[in-house]
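Chemist: Protein sequence lines correspond, in order, to chains A and B.
So in the working numbering, spot 38 of the first sequence is number 280, and the numbers just go up one at a time.
So in the working numbering, spot 107 of the second sequence is number 109, and the numbers just go up one at a time.
Please keep in mind that the hints were generated in silico from the structure rather than gathered at the bench.
Heads up, a few of these hints could be off.
[Unchecked claim] Every beta carbon over 10 angstroms from chain B, so not counted as near; a handful from chain A, in silico:
(1) 273
(2) 287
(3) 394
[As the list claims (entries may be wrong)] In silico contact screen, one side only, chain A against chain B (beta carbon under 7 angstroms); selected entries:
(4) 249
(5) 283
(6) 284
(7) 294
(8) 296
(9) 299
(10) 303
(11) 306
(12) 307
(13) 310
(14) 311
Ideal placement from N, C-alpha and C gives every residue a C-beta, glycine not left out.
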Amino acid sequence: MSCTVEDELTAYVDGELSAVEAARVRTHLTSCTPCRATEALLRRTVTELAALPAFEPSVGLRRRVLARVESLPRPWRERLRHWLRPAVLAPGGVALVTALVVVVVVGQRLGAERAERGLELAVAEHYELLSDYEVVGVSRDDLDVIEHLDELQKEGRP
Amino acid sequence: MVRVAAGDTAAFAALYDRHHRSVARFAHRFVQDAGKAEELTQDIFVKLFRHAGRYRATARFRTFLFRVAANHCLNEVRKGEYRVTHVPEHDEGGRPVEMPAPEAHAPDRAVEGRELEATVAGALQRLSERERTAFALCRFEGMSYRDIAEVLSASEAAVKSLIHRATLSVARAVEAWQAGAGSPARSEA
Numbered sequence: 243m244s245c246t247v248e249d250e251l252t253a254y255v256d257g258e259l260s261a262v263e264a265a266r267v268r269t270h271l272t273s274c275t276p277c278r279a280t281e282a283l284l285r286r287t288v289t290e291l292a293a294l295p296a297f298e299p300s301v302g303l304r305r306r307v308l309a310r311v312e313s314l315p316r317p318w319r320e321r322l323r324h325w326l327r328p329a330v331l332a333p334g335g336v337a338l339v340t341a342l343v344v345v346v347v348v349g350q351r352l353g354a355e356r357a358e359r360g361l362e363l364a365v366a367e368h369y370e371l372l373s374d375y376e377v378v379g380v381s382r383d384d385l386d387v388i389e390h391l392d393e394l395q396k397e398g399r400p
Numbered sequence: 003m004v005r006v007a008a009g010d011t012a013a014f015a016a017l018y019d020r021h022h023r024s025v026a027r028f029a030h031r032f033v034q035d036a037g038k039a040e041e042l043t044q045d046i047f048v049k050l051f052r053h054a055g056r057y058r059a060t061a062r063f064r065t066f067l068f069r070v071a072a073n074h075c076l077n078e079v080r081k082g083e084y085r086v087t088h089v090p091e092h093d094e095g096g097r098p099v100e101m102p103a104p105e106a107h108a109p110d111r112a113v114e115g116r117e118l119e120a121t122v123a124g125a126l127q128r129l130s131e132r133e134r135t136a137f138a139l140c141r142f143e144g145m146s147y148r149d150i151a152e153v154l155s156a157s158e159a160a161v162k163s164l165i166h167r168a169t170l171s172v173a174r175a176v177e178a179w180q181a182g183a184g185s186p187a188r189s190e191a
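With the sequences and hints as input, model every part of the structure.
Modeler: And the structure:
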């Protein structure tokens, strides 16, 4: 076929030509029998192709595709997003606060114990001296008495 | 697609559910084999997931998807990973080969449908890869010439030419089968 319009026929059938081009083809078809035959053949074929049964993939394909995707390493953005999710972040925050409270409370307690132990050590270190004065377990008034013992003895107080 | 790019598998599953039939259908037209078509579909979707970050919202998603699909099918077939199944269409005497019907008393219409399917499949295998791609996207996925041009990175004029040659070639093959004799038209591309 030597018609230059023939190359336009499929696009004409598919409605892919501009209005001007389509009008030109339409005019040509009124006077060209071979092109009219080709146009009819193309239209018939397009209709028949549309009626062909479509391939239907198996149900198992979905499972296989999703399993493969799940097995891929996650992009860093997704990993970061995972860790910043409220479901992960909230318990994490609670755990962090709890840990901080525990550290502070235990720290304070340890500090107090250490100070107490320090006092005990000081007492132990000077126990002999303190025993001499029999001050272990004495009150502040008794300490004053001990401090001014010499003066009190001179004054003849017991 | 933005969510898929961030690794959201639930969004990916929704995307798969929406588009897998089109992709599988396209792959099947390409290799004419159900098992190979599913393998290709699987690879295409995994590729889509891995490279989702390359998608730009300015492009139509379907065009992007078929660009991935078409490139993958073309590459795999060129690498020889998938040998395109040749469907015998005519016997030595030039008469159409009858496809066996699944049931002994299958209606004539079903048999005719299978024969037509075999004729079209045979004609498709004689097309060039680009003709076949353009033809499948146009005839079975209903894509416009403009979208196909985007998928193939070609001009609309080139796509018009590809689709015309392919459609005419398939039409001649179908015409020959319907006439019950004669050899199908061959693509010059």
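Chemist: All hints are to be evaluated individually against the structure, with a verdict given for each.
Modeler: To see whether the hints hold, each was checked on the structure:
no.: 1; hint: 273; verdict: holds, 21 angstroms
no.: 2; hint: 287; verdict: violated, 4 angstroms
no.: 3; hint: 394; verdict: holds, 86 angstroms
no.: 4; hint: 249; verdict: holds, 6 angstroms
no.: 5; hint: 283; verdict: holds, 5 angstroms
no.: 6; hint: 284; verdict: holds, 6 angstroms
no.: 7; hint: 294; verdict: holds, 6 angstroms
no.: 8; hint: 296; verdict: holds, 5 angstroms
no.: 9; hint: 299; verdict: holds, 4 angstroms
no.: 10; hint: 303; verdict: holds, 5 angstroms
no.: 11; hint: 306; verdict: holds, 6 angstroms
no.: 12; hint: 307; verdict: holds, 5 angstroms
no.: 13; hint: 310; verdict: holds, 5 angstroms
no.: 14; hint: 311; verdict: holds, 5 angstroms
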